[in-house]
Each structure stands twice: as structure tokens, then as C-alpha cells.
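Asks: Which chain is which? The protein sequence lines are F and R, in order. Residues in the first sequence are numbered from 0 upward in steps of one, following numbering that gives the first Met the number 0. Residues in the second sequence are numbered from 0 upward in steps of one, following numbering that gives the first Met the number 0.
Just so you know, these hints were derived from the structure itself, not from any lab. Remember, it's a predicted structure, so these values are computed and weren't measured experimentally. Possibly wrong hints are sitting among the right ones.
Stated by the list, open to error - Pairs of lysine-lysine, DSS-like flavour, derived with a Cα cap of 27 Å: (1) K222/R - K203/R; (2) K299/R - K286/F; (3) K8/F - K203/R; (4) K215/R - K203/R; (5) K215/R - K8/F; (6) K8/F - K222/R; (7) K299/R - K222/R; (8) K215/R - K299/R.
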Amino acid sequence: MIKKRSYFKSRTLAYVLILPQLLITAAFFYWPAVQGIVASFQLSDPFGFRTRFVWFDNYIALFSDPLYLQSIGITLLFSGSVAIVSISCGLFLASMANRALRLTSLTRTLLIWPYAIAPAISGILWLFLLHPSYGVVAIGMEKWLGIDWNPLLNSSNAMLMVVLASAWKNISYNFVFFLAGLQAVPHSLIEAAAMDGASPFRRFWAITFPLLSPTMFFVTVMTIIFSFFESFGVIHAVTQGGPGGSTNILVYKVYQDGFIGLNLGSSSAQSVVLMGLIILITVLQFKYVERKVQYTG
Amino acid sequence: MMVERTPKLDFFTYTALILGIIAVGFPILYAFIAATLPIEDVSQVPMVMIPGNQLFHNLGEAWSRGHLGTQLFNSFIMASGITIGKIVVSLFGAFSIVYFDYRFRVVAFATVFCTLMLPVEVRILPTYEMAANIFGPLQSVWNALGLDGIVSWFAGHDIEVTLEFSLLDSYAGLILPLTASATCTFLFRQFFLTIPEELCEAAKMDGASPMTFFWKILLPLSKTNIAALVVIEFVYGWNQYLWPLLITTNQNMTTAVIGLQHLLPSPEDPPDWHIAMAGALIVMLPPVLVVLLMQRWFVKGLVEREK
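With these hints in hand, go ahead and build the complete structure from the sequences.
Replies: This is how it looks when you write it as C-alpha cells:
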């Protein structure tokens, strides 16, 4: 591992300095992670009086449970939609802002504030906008488009509502990254292509877009992580997984089965599955980052 | 600079930007208008779209009905606690990892680094148990070693030792588990590695102690990085949802983002959406202000994360 040529010799001080970090990490990451893995191999009654070691029973039960498989499908649909909406809007707005040279910082100010809003509050704002009896968007849709809109009862309406609330909050995050990525594209390349007669659209797709691919990758990973985990607030505040389990994403199911259903074994097994998923994403990301480093020399 | 005339595309660009800004701002604008209206206007279909004069009345009503005073205070303590805790812990950690040489340096770094992407959401149950009894691990070790038996043997009668200290419904419980994050440590490490070697060499030649070097040189150099992380972590802390939901049962210990839920009108209640939206405006204001006022550092800090 890289280190400084010049360093301090005091061992004791070095240990004292790193100790708080190690203690907190051990207490709130490693210990719980180990406990979670152990609990995922156990079957216990809801009051925790008796536990029994059952090997992979919890996992087998989990993957043969139609509700869990349904929840996987819902999560994929949900995060895929959030990613498509928030990434395409973020990229579009960033490339527009990058063209409007004079107003970049003003547009940035006017576009980044949803980042600061909690997912749960974003959910509440959209619930109001799309409320079947009070929401202006919902009423407009019914009046002008003839759609029978009711996210409180209709599954696909509910899904659309939580996707919009989550994507809206995430547009600004993606916007910031795409704008930074666009500003880093060398002007000389664009100018050379312009001299060769390439139109602005052609230049975007042939030069800018490929150069943005590292940013695109990073933003996609972050959006997926956001929609897998942080969107818990949106779901809990707005639909509570309903109607009829149609917005019951995986992280909400962990909470519901563990804290409300008190099914500790199953909830722990679900947590372990999510942990594995996160580790996989992290490894993929670092593999990719390494390749990027080699590629640019 | 390139000179190219594209009037049609320019027109499209500005129109798209203006529409985009309106679309992104619309949910907030709509909430703001609702918060200024009396109930008759909010419950009209469709809602009156001209701001009314009830803003302060509604804000006051939301404030008292939702116990927002106490809960905003809790949110503030939690967000600042997480921010300060994370930054202090990780500044020291990164300083130790970069500027010292010891046997477990690589192990320590790897231990912390492995937790980089693991959000609290995937380990809620066991972390909750840990917070419910912070001495849980010690208790397990105690039980595993059969120390109860030894103590009983010494005392001559049965003794059961229970180590218990709960963090539920406390500020420590809200803050501590969320200060464990590798992200800040990793960012500070990356930054420290870019600082020229000569600075440390010169400081050592002048006989500066490690901590003098830290306070006098490293800390002032890290100012912009710290500012960026303050914005990001404050927003992160303020907007936490799952953890405060689990760990607080007492309404006086919960945070404003959670408490807002109680202002939402249920189907049986009068449709007090104007109060709910007024509450939402109050609760979202602090992090929005922090982001807008410290925009420059915030954007810098966010973009650094990609590297």
C-alpha cells in the first residue's frame, strides 16, 4: 500500500488515532454483520426464547417464497425505472446547462436543491401532487387524458408514483456529476470535430458521450444503490409496500418481516442476500475503476 | 473559444432548461402554494394556484401540531453529531494510516475500507440489537467463557452477571452507529497522499510533534475538503429515515423527517394538506439552505467521491 516516505515514529499515537474508527466499525459493522449471518442460519420463535440451527433452511424458504421472488421483480422494475428516468433527465439537463454557457451556475443552483430533500419528504410532496382527490397532476390526468388514476388503490399507479418521487430526488445528484463530466471534455476535441463539419448532435454522440462513460458507470451504480436502499423512506412514508405488496421492495421487506413480522431468521437471510449484492457491486465498481486507470495510462 | 451560430439549437437549449427548472421545482412550488392557502382553497378541486395569505398561520399550526420544535432540535443534534463525529473520527484515522508506519496499518485500512459501501439498511436487525445493548458482545464473550460459573464458584452461590446499556431513545443511539463510515476516511486518505512530502519533512526537521503537524499544517490544508464533507454529511444526517424510525419510540426523541408523517391527513381526517405541506417546508429548509449557501464546496465534495 502507498505510504509517505516521511512518517512519524510514534506507534502508540498511531494506534490511539485509529482506535475510535476501529471501535465504531467493529461495534456497528462487523459485530452486527456476523450476528446477521449467524441469525440467518437459525430458526427462532418471535420472542427469542429458543433458537435452532437450521443450515440453509431460511435461504431455501426465502427463494421458494413467491412473495420474495415477487419482491425481487418489483425491486428490479423499480430501480431500473428510477435509473432510466433520473439518468436520462440528469444527462439531458446537464448537456443543456453545459451549452448555456453564461447561466451555468444559476441553472445549477436552480436544479440541485432536490438533492437536499429527504426521500420521505420527496414522497410526501409527490403523494400530494398525485393524490386522486387533491393532486393537481392526478386531476389533470383524469380530466385531460381520461386516465382513471388512483395510486392508493391501483398497483401500477402506486409504482409510478414512488418511481417519480425517487427519480425526482435523484435527478439533481446525477445532474451535478454529468455537468462536471461534460465540463471536463477537452474543447479542442469538440472544435476539431466542428471544423470537420460534424453537427452538434453528431459531436455529442460521437465524442462527448463516449468520454462520459466513466461518469455514466458511476452514476448508474450510485442510482441503483440509492433506489435499493435509500428509497426506503419514500416507500415507508407513501405506500408502505402497498397496495397489495405492489411496491414492497427488498429493503422494505427486510424491515417488514424483521420488525413487524418478527421473523428474525428470514429477515436476517434477506439482509445477508442484500449484503452480498452490495459487495458484488463494490467489487465490480473497483474492477472497472482499475481498468479505467490503465486505459488512461 | 469556438464561434458557431446555432440559433435554433440555442433557442431549444434555453427553452429546455427553463422547462426543466420549472418541472424540477414544481413539486416544491405546489407545496409552497398549498402552505399559503386556507383549507377551503386547498380542498377545492383543482386547488387554487394563487398563493394565499395563510402561510404564517399554517407554519405555526404545523409547528405546534407536529411537535416540530423538539423534533427539529433532535434532527439538528443528530445531523451535527453525525457530521462532526464522522469528520473527526476519519481525520484521525486517515492521519494514522497515511503518516505513521506500524504493523497493523494495512490491516486497519482494509478493515475500515471493507465497510465502504455497506449501508445501515442491510444490517438493521443486528445493529438494532447492538444498540439495544451496547455490551452485547461483552456479554457473549462472558457467557462463552463460562465466567458466570467461575464467579459463582468464587462467591459460593449462583450469580448471573448481566451487562446491559441501551442506546435506544438516546442521542448517542441516533448518532454513533451512523458515524461508522469508511467514505470520509477514504477521501481524507486520498487527499493526504497528494500533500507534498516536503511539508512533513520540514515539520520534522523543525522538531514539530505529530500532533503539531496535524493541527498546524494538515488541518488548515484540509479546510475545503472538510467544508465539502460538512455539507454532504449534514444533509445525509438530517435526511436519515430508517435508523431513527427503529431506534426511537418516544415522540420527543424522534426526528423531524419521521415526525412529519403524523401531519399527513388520513382518509378519516379533514384534508389538512396545507398543514402537511407547511410542515414539509419547515423540515426541508435547513438542508436546502446548507446546500444552496455552500454550493461551491458541496459540488466539489460530491464530484471528488467519484475519483
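Asks: Hint by hint, note whether the structure agrees.
Replies: Now for the hints, and whether the structure bears them out:
Between the alpha carbons of K222/R and K203/R the distance comes to roughly 22 Å, so the proposed pair stays at or under 27 Å and holds. Between K299/R and K286/F the CA atoms are separated by roughly 25 Å; this keeps the pair inside 27 Å, and the hint holds. At most 27 Å may separate the alpha-carbon atoms for a hinted pair to count; K8/F and K203/R meet this at roughly 11 Å. For the given pair, K215/R sits about 13 Å from K203/R by alpha-carbon distance, which is consistent with the 27 Å threshold.
For the hint pairing K215/R with K8/F, the CA-to-CA distance comes to about 19 Å; that is within 27 Å, so the pair holds. Pair hint K8/F plus K222/R holds up; C-alpha atoms about 26 Å apart against a cutoff of 27 Å. For the hint pairing K299/R with K222/R, the CA-to-CA distance comes to about 13 Å; that is within 27 Å, so the pair holds. Pair hint K215/R plus K299/R holds up; C-alpha atoms about 24 Å apart against a cutoff of 27 Å.
Hint violations for this structure: none, all hints satisfied.
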